[in-house]
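Residue numbers (the working numbering), protein chains in the order written: chain A, 1 to 1013; chain B, 1 to 259.
Derived from the structure by calculation, the hints contain no laboratory data. Here the structure is a predicted model, which means the values were calculated and not measured. What you were told as hints is all true, and nothing was included just to trick you.
Pairs of lysine to aspartate or glutamate, EDC-like flavour, derived with a Cα cap of 16 angstroms:
hint, chain 1, residue 1, chain 2, residue 2
1, A, K584, B, D40
2, A, K584, B, E45
3, A, K132, A, E55
4, B, K147, B, E245
5, A, K584, A, D123
6, A, K130, B, D40
7, B, K117, B, E172
8, A, K898, A, E965
9, A, K107, A, E168
10, A, K597, A, E535
11, A, K10, B, E118
12, A, K617, A, E236
13, B, K176, B, E195
14, A, K132, B, D40
15, A, K315, A, E758
16, B, K135, B, E193
17, B, K128, B, E193
18, A, K549, A, D115
19, A, K584, B, D41
20, A, K101, A, E154
21, B, K117, A, E62
22, A, K198, A, E171
23, B, K147, B, E250
24, A, K130, B, E45
Some, not all, of what chain B presents toward chain A, calculated at C-beta under 10 angstroms:
hint, residue
25, D41
26, D70
27, R111
28, I119
29, V164
30, E193
31, S217
32, G238
All C-beta atoms, glycine included, are put in the ideal place defined by N, C-alpha and C.
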Amino acid sequence: MFARIEVALKPEYSDPLSTPLLRRMEMTDPHLRKLVRWARSMTVYWLDVPLSREELIYSSQETLWDPVLHWLFTGNLIPSAAGKHGNVEDILETAPNRPGKFFALEKRFRLGVTDHAAKTLKDSFEAVLKRKLGPDARVATGSMLLLEGPQLTEDHLSRIAREYFSNELLESWTLLSEKEIAHTERFHPERVRREMPKTAPSRYHAPVDHLPLAGLTNFEALNFCKRKGILFAPEEFDAIRNYLKDAGENGESRDATDVELELISKVWREVPFRRLLRAEISPDEDARAVDPTLGNPLPEKISGLVEGTFKETLKEVPRAWVVSAFENGSTLLQYDDEDFISIEGEIESKTVASDSVFGTIMGYSEVYLRSICGARGARPILATDVIFSADLHGPVPRDQDHLHPRRVLDGVKQGISKAGFQLGVPTIGGALYLDAREGATPLVHFSALSLIPRTSGGIPSDVREVSEGDRLVILGSPTGKDGMIGSPIVQICDTTLLRSLGELVIEVRDLGWNRLFFPCGEGGLASLAAKVAREFGGLDLDLAGVPVKASGLRPMEVLGSETAERIVAIVAPERVEAVIGLAKRRGIIGAEIGEIKSHGRVRIFSGETLSADLETKFLRGHQPRSQETATRSAPTLPTRRSLEWGDPAKEGVETLLRIMSHPNVCSREWLIRQLDHEVQGASALKPLHTVTVSPELSHSGPNDGGGVKLKSSSNAGLLITTGLAPRAGATDSYLMGALAVDEAVRNALACGADYGKEEFLFALSYQFSCPAKDLEDSNLRGSLVRACVGASHAAVELQTPFVHGQQKTILVQASKLHFLVQAISRATKVAGIRSADFKTPGDGVYLLGPAQFSLIGALVSEVHGGAPEDASPPLPQWDTARRLYAWLGGAIGKEQKKLRSIHDVSDGGLLTAIAESCLARGMGVALSYPEGLDRTSEWEFLFGEGFHGFIATCSEIDAPLVEAELQQNEVPFIKLGSVTGSGVVQIRRGENPALVIETKVLRQAWKREGYWE
Amino acid sequence: MSDVIRPRVLVLRGPGILSEQETAQAFATAGFEVHLRNLDDLISEGYREDQLANDYSVLAIPAGASTADDLGSGKLLALKIQHRLGWTLSHFASRGGMVIGIGSGFHTLLRIGVFGKEISVTSGTGGKMLSAWVKVAPIGMTCLWLKGLGVVDLPLRHSDARIVIHPNRRTETLVKLSRRGMHCLKYEGNSVESEAGIAGLCDTTGRILGIMPHPESFIRWTAHPEWTTAPQRANAPGQGLALFENAYQESMRALQPET
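Extracted from the complex, chain A is given alone in its bound form (with noise of 0.2 angstroms):
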């Protein structure tokens, strides 16, 4: 029986999609939104299902129809569960201008594109009926926008149903006008039929189609392959031509498979990270060229990108506590006696750039679904986000199609808010970098934290063993073209399936039953075949037992679908049967579809044909090595005279609330409210302070990162914390990279980390992005490897090892390289996390560290326009931050522990770190500047920023207890004065207040209410 169904929420009910779709118009384009008077929106169900009226109006109302909050349209089927008119007259009467001028924009999803409400809808059917509905039930689901507006265009409408309502790559949209939203023929069971998505029709294709290299140019063979989707640098194909020059039988030459070049190409994935991570780079002069004070310069040669620099650190920097680093598998790191930590990261742009809100929620699932492959299975612990997004003032490049960065940063904000929701994973920390520079598409870089048992099921998490006959057994969502290259149908990841697939990986886990799991994400099956086959010598493949969601999908295709909800685990043969029943029972589709092999080669079937028939190490390890240079260019920086930033007695009240509302330090709370980081109960530290719980009464400030206390029966807290120096990047990238080490490091420990001896646990895990075409430029080369040889050299100076890392190439229009440094630390007592807010009048407030900041790549700078011409850059002490990192740490002294609060000093300096530690608890402070700071270094001290300064508070009974003991480590502090309740902010020079702002004001420019949706 076809029949469409209309639900709408009743009019005294918020709008979920015209409310915020309204608000994303009043941020983006005023004018459009002045045209539309009224909107409203209702689901749209499309149904085939063998059912007769009866059983499928019983089944409509108890699914569907909720009394108190719907209105269903549906025709004739159920009259009674519409409003008094029986039809949308009933939602329509509710518009304000009557009688007014209404259109409808109509979407559904594209064919081919996953449907997941229409799956759900189906399971509740089933559910109610007791019964399956069988492979021939149909159901599609959409969404209608009524709106109302005298003056809206044809125009208006595209621009509304492409800007704010539908995507075009996932859905189709049509407009209704006002005479076909009042008449009931699309009601009508004809139509119906007609609308229903059709199965697509299967085209007969070759299963395998052969390449004949040798009769072919290089140019006529790239053709081929960029025509199938398949993407190789020349001299890529150079080196596939040799291989299969004597890969034939007797030695001959032979062709390549289309099977063979996908499986290539996503294993050589990443051409120009691939090259310069092998190569050997060989910066210049000027490129090595490093400030004695900054650090040692480069290295005359630096063998591959990662494993010259990051990965050096460990052979400098051993610790005991790293299980495995940059291996197979995850980073395994101990945790406790009973568990292991496993790190994952992602960087996303190219899928965001598709569909801000799926490609979000597709980057954030990629990260969960590595995750839970950690070792032999993990549980996803917690998550951070750092998201880099064009400026929200710019202008809307219409010229090149792009939606306002407002409405994008909107999407992505949506996606990682629905990903951590639907994922019961923590969003704990991250960060939201705004720059003109950024291109359109937001980058976002995810990272998640993973528990692991040691020992479960009786088997050492850390082993990874397999054995010759091992099998492999597919679990997760059946195979189609998602994810492929040049594919029209974008994946949408149902996070529910993801989600249960990361609950069997558990259960699985704790009954012994699998070897080990990978993931069947980015790559697919053909990156995870090459890995399991170098990793365990080999193995063979065969693609007609993966499930497939349409026929006549060929090999090539089977081979090289992604998604981030489907997995592989290697199992016992005796095993099989069970691993899959269990998956079933889960509603989970499982299938075996091969089995480890020590041939040494990876060996693909397509049921009897052998459709590729590869050397591990000619997929893995022959790819070409190559000399790269890296070079310097002068940076080129605005300066302005020091006399133009004039008296900072009277500029600097001004200045401070321009940096307090600035968009990279003000409020992040209206983001950080919309992303759960409370679900799995374990959040010790949250991303701000909060003063007075409930929402509408409470004030809050920025924390320095998050952590969590993950077990009833350890005091133990895990914290994780984020540095990058984005502005110092136009400086120097060695000193960005540096600054980033420093920053998170920082951060950690005025979170209350544990620092400064060999057992403590304190790791670094780096990401880092940037178009492809940089990695072409010499000077861009020379930046990025400036950046990460500074910030190894950070590292080990720090003593704190790199153990994990991701690097990917984006889609950005400017060449902009993103770089940020996390940390991931331990505190052995929770109870030593700390806060960054001021607590109580009377404390004492220290400035710790050596007090050395620069206005050259600080905030205030961008701020005023240049850094004085006499501002020398910022420089690290390395020894002094030791000593300082040491106390507080915790490996020396023992009164770090009365500190109350402690902040770190970074974007916006000392006085924005003040500020901040003043606004949840409308504190404030009396303070002093040091003496005998001439003009350009008070600016300096306000509100330069550097390496190793925090603000921090005692008691004053605890007072001489801590400066004696800091005094006795050698390590320098400054007393600044006291914090006060007098809501003012307040410093002296000498007896006369220099600068006094109250609290309130600051907190109302760091809240800049109105700026954000």
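Following the hints, position chain B against chain A.
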């Protein structure tokens, strides 16, 4: 000690349920023997209501995002409990059982109709997720889960936290809820615009509780957003634990042979 009988709680897990681990931890901390069972396993086993009453003192429906909330939060879970398991929760309560539904677990109880057909839940924040701590105050003495509780701070995290009542039957429904002691927990402040500030409802026996904020996330004091002001209390229990301890006391009472 091994001879001590501990009450048992069935904590549901399955597609769309997210908070089963912390819910299980909360019950375990309170003293329960915790059984985490997959809903689909219970369905395939044909696990009956009388078995539930014989085996368990408490049924917990943890929070989550039931099947990504496609049909409304908690809807598919409610349909499975009603139609596939055939459980009537009021029967379980009448046999001495206790039930708690938290967050979307509360939504599940609402969709089943445990608190009446006139009550539902929708978004009070324009569809946006809200993750914030709220103050909630118990009302009356009916709810056994909330016995002895004062005003407590609990985290709220959902886009649909606004309890609503059928507009045509609003007054009589509110009077009924109040008179029968079913309106047992209210928001102080009510930023989600819930009807009459409803943050929790119980059935007339006080044994079935639906609660919107998350007591299972406040078992340890270090979960509170202001705990760093008093680090000496870092190892103290959180205020949410009291609910689970109340259930433990009540369940133990039911398990003790009558004297």
